[in-house]
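Residues per chain are reported as follows:
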Amino acid sequence: MFNISTQALFSQLLVGLINGSFYALLSLGLAVIFGMLNIINFAHGALYMMGAFCAYFLLSIAGLGYWWALVLSPLIMGAFGMFLERTMLHRLAGLDHLYGLLLTFGLALIFQGLFQNYFGSSGLPYAIPQELTGAQNLGFMFLPNYRAWVVVFSLAVCLATWFAIEKTKLGAYLRAATENPSLVRAFGVNVPRMITLTYGFGVGLAALAGVLAAPINQVRPLMGGDLIIVVFAVVVIGGMGSIMGSIVTGFALGLVEGLTKVFYPEASNTVVFVIMALVLLVKPAGLFGRTA
Amino acid sequence: MPRSPPMRMCSKPIWGPAMAEPQTAGAPLLEVKGLQAWYGESHILHGVDFNVRKGEVVTLLGRNGAGKTTTLKSIMGIVGKRRGSAEYEGHQTVGLTSDRIARLGIALCPEERGIFSSLSVEENLMLPPRVAPGGLTVEQIFELFPNLKERLNSQGTKLSGGEQQMLAIGRILRTGARLLMLDEPTEGLAPVIIDQIGHTIAGLKRQGFTILLVEQNFRFASKVADRYYVMEHGRVIDAFANADLEANMGKLHDYLGV
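Heads up: the sequence lines are chains D and L, in that order.
Positions 1 to 292 (this note's numbering) are the ones given, in order, by the first sequence.
Positions 1 to 258 (this note's numbering) are the ones given, in order, by the second sequence.
Bound-form chain L, shown alone (with noise of 0.2 Å):
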């Protein structure tokens, strides 16, 4: 049976200078222009346009397929083919190689989790090289996470997958990374481990890490997001601050689908 193409009922972009983007202080850390990318053959973000300033949690939203996670991958580097424009701190990632642009100062939570089962807990945590100083200690992450310290020995995978999304974004503290990319850090876990990690990611805004969040749970992302972009189709279809949350909830039930 032939695939049928891609569906692209919405392949203009509603991006405009009409919509108001809600301005905050400071220049973008993190400036995404007309980003695009591809999977072989497959052609997944069609310009994405967004920006992260510094100290900010923003989160991307959309459904399944809109292109969240291939926009965190492409800031990465981790997507075969990209165009476009995406300057961290003024240097330009579309082009580099993973490694260098983890060493600008970018790290990355994969969706999956990415726990090394031939590893243990201690050298999952202590994998990721240092790209800067000013990481968080070893001591600091097990007051974050106490489960980790009790699992140091441990097959990285046979931690609970609360313990390995800790562990997932342990990890990444360590390093001094000042952007953090976390993708649904909350899929699939407990409620009780969700507000940790929400707590978690509160916390590391208050000591000045800058979040990019990808999240399907808008209630999660509310509590700590301060801004939202939508996305739909390989592209960024809306935009608004947290403060504008509740006078957009109709348009996000539509966008979202919920």
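If we strip away everything but chain D, and leave its shape as in the complex, we get (with noise of 0.2 Å):
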């Protein structure tokens, strides 16, 4: 059973470690947003899409590559985010949780119709930038260069936002505001400005997750929708505003995925789904998560 080659079994881990790039990358984006706002973003699969075809757009459009679009691409996805949350998501502020969820979730649903009223379902292509191309032979296997760069991108991206909230100033106005935000705004910080800007940060997050997928998954418009409840599961399994749960769990449940492919492939698209049943059992704060 376990006669397993060498090269199949680093190479599924290698689908491992970038699926779980793209899942600590989301579910870091939505930690910090449930954390900040309260609200469960279920758009984030679709701002995600919508990021991938930013960059798709900035090269058809304005003729802008893959490097303008790592930089260009979150940072406009941000700004609309923003929007989203001063017109719509900050009138549901105080409410149940499944307002803010089923809003988001009409979003959406809405801009994934969008997309694919116009793009069709079938994806468009977006190439790996010049500089990334290539793979270097590692002796037991092929290693694509832009893979490496996503896994290590990512990570570095993952570390420094872990760092940003958890170890600076503005980070310890995050957690504080997280905890009691008319406290903090009772000391003369402007919680309502900090929160626009922690949603328009998640959203842009997601948006660099969209750009890094483009040249491996092409763009498409239901790329975020296929994702998104994985990378759910991920955050209910890493523990609700969890940000090193995030992380950690996004990284290590795309390696227990490729694992499941090589072992027993039957199980790869549920396994991430067992996991979460049985964290939900044994410890339904999560693995990371603080028992309120």
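Certain hints may be false.
Unchecked claim - To give a feel for the contact side, a few chain D residues facing chain L, derived at Cβ under 10 Å:
hint	residue
1	166
2	176
3	178
4	183
5	185
6	186
7	190
8	191
Unchecked claim - Some chain L residues well away from chain D (every beta-carbon gap over 12 Å; in silico):
hint	residue
9	41
10	97
11	99
12	106
13	120
14	122
15	140
16	238
What the hints assert, rightly or not - Below, a sample of chain L positions facing chain D; criterion: calculated Cβ distance under 8 Å:
hint	residue
17	76
18	96
19	102
20	103
21	108
22	118
23	123
24	131
No lab work stands behind these hints, which were simulated from the structure alone.
Every residue gets a Cβ at the ideal spot worked out from N, C-alpha and C, and that includes glycine.
Starting from the two chains in their separate frames, assemble the complex, guided by the hints.
Below you can see the structure in the form of structure tokens.
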């Protein structure tokens, strides 16, 4: 049964790491948004998809390539996110989680529907940037340069975000406002503005993941919808709102998925949800969650 | 079971010209007039009137549910709906958001202390932004509360109750706010620590801070306060100076039910 070539094992582990990078970036954004806004952002997958489309448009309309897209797409989508927060999500502050979930779910359907209407369901190609084409021969496997870049860059972004939230003054404001927004505001901090910026940042992370994914998975209107369900499972396993939890769980579950593909491919689509069910039974607050 | 309506035994204010308000020199730093406040549908403050002059320690006394905490929160702007007037240095605070009010130079130390569990002691201490020059330095805060210096890297909520109270007071001294509103700073603390907080309040007064205190423990309040207001059912029903405390003891016992 375990007669598996190292080649197959490592290439699946690499696929797992790549998926893990996207899980981590997306669940990190969800965790940051949930912490500050108390909103389960169901639109996250659609915003990730729009981040990828943003890269596609930047190239096809403005002629700006991958590196520009990596900077501009998160900024543009972040601004779009802040617009959504100011005009809609903002009004749900203080209401039950369910309202935010329904609103963002509705937004996700609208965004996906619009893009599907204009671009169909098949993918639009997006080329790997010149600098990152090619692969390294590691002896036991070939490592495509672009995939290595995605893993390393995602990890760096995740750790930088973790550092900013856990170790800086700005992060202290965020953490404090997550616990008790009205007291932080009574200290003279403009909490509503901070919330808007936080949502913009979370959306920016989703768009960044979208740009990273564009050369790997093509640009498709449903690319986010397919991914987001797994990402929500990651968030539940890691613990709602936990920053480190979402990073570690994101990468770890990517790897677990990859391993499952090697040893028991039939279960690879469900293993994450089986783990989610087990974690919910044993530790309902998630592996890294603080029990309130 | 239907909830009984709130008791309104004393709905008519006993406030009037006949009640001699103790006068001291100086214009009020905080002038509260006809302040009303609501939590959702429930009307908590029914027109609160009092003032605090610069450099004074003024204490709000009253039973549980009289509206003392709500009064502080209303001045700070963290109660949903407010009416009436609360002017600080001539600025109307009713209608401002709480971050704007804080920037005028008012700071609140809440009853539940509000220490953040996801922040270290140091982060808690450094959290409130400076709103004006003239706050205490961190060194001066450590002189007041040496315990805090030992525990800087602990999680904020791992401190003892007394240390959390010191942290809650200490962090608003850094900001340069000149009106400090302390909500029951002695609640649930050991006598030794109550003494320490009493000394601190007296020291802050000497440094020119103005303090609005809410206290159940009027033995403690009597050591630091210049004046008292007594609240009942969301109104101020009496006022006297510390010098007249003895003469008013009988009334106070009635008001507070002690």
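Do the hints match the structure? See the list:
1. 166: Holds: closest Cβ of chain L sits about 9 Å from residue 166 of chain D, inside 10 Å.
2. 176: 5 Å, holds
3. 178: 7 Å, holds
4. 183: 5 Å, holds
5. 185: 5 Å, holds
6. 186: Check passed: Cβ of residue 186 of chain D comes within 4 Å of chain L, closer than 10 Å.
7. 190: 5 Å, holds
8. 191: 7 Å, holds
9. 41: 15 Å, holds
10. 97: Label violated. Min Cβ-Cβ 7 Å, cutoff 12 Å.
11. 99: 5 Å, violated
12. 106: Contrary to the label, residue 106 of chain L does not stay out of reach of chain D, its closest Cβ about 9 Å off (not over 12 Å).
13. 120: Label violated. Min Cβ-Cβ 9 Å, cutoff 12 Å.
14. 122: Residue 122 of chain L is in fact no farther than 12 Å from some Cβ atom of chain D, at 9 Å.
15. 140: 19 Å, holds
16. 238: 29 Å, holds
17. 76: With a minimum Cβ separation of about 5 Å from chain D (threshold 8 Å), the hint on residue 76 of chain L holds.
18. 96: 11 Å, violated
19. 102: Nearest chain D Cβ about 3 Å off; hint holds.
20. 103: At 5 Å from the nearest chain D Cβ, residue 103 of chain L passes the 8 Å test, so the hint holds.
21. 108: This interface hint holds because 6 Å falls under the 8 Å limit.
22. 118: This interface hint holds because 4 Å falls under the 8 Å limit.
23. 123: 5 Å, holds
24. 131: 5 Å, holds
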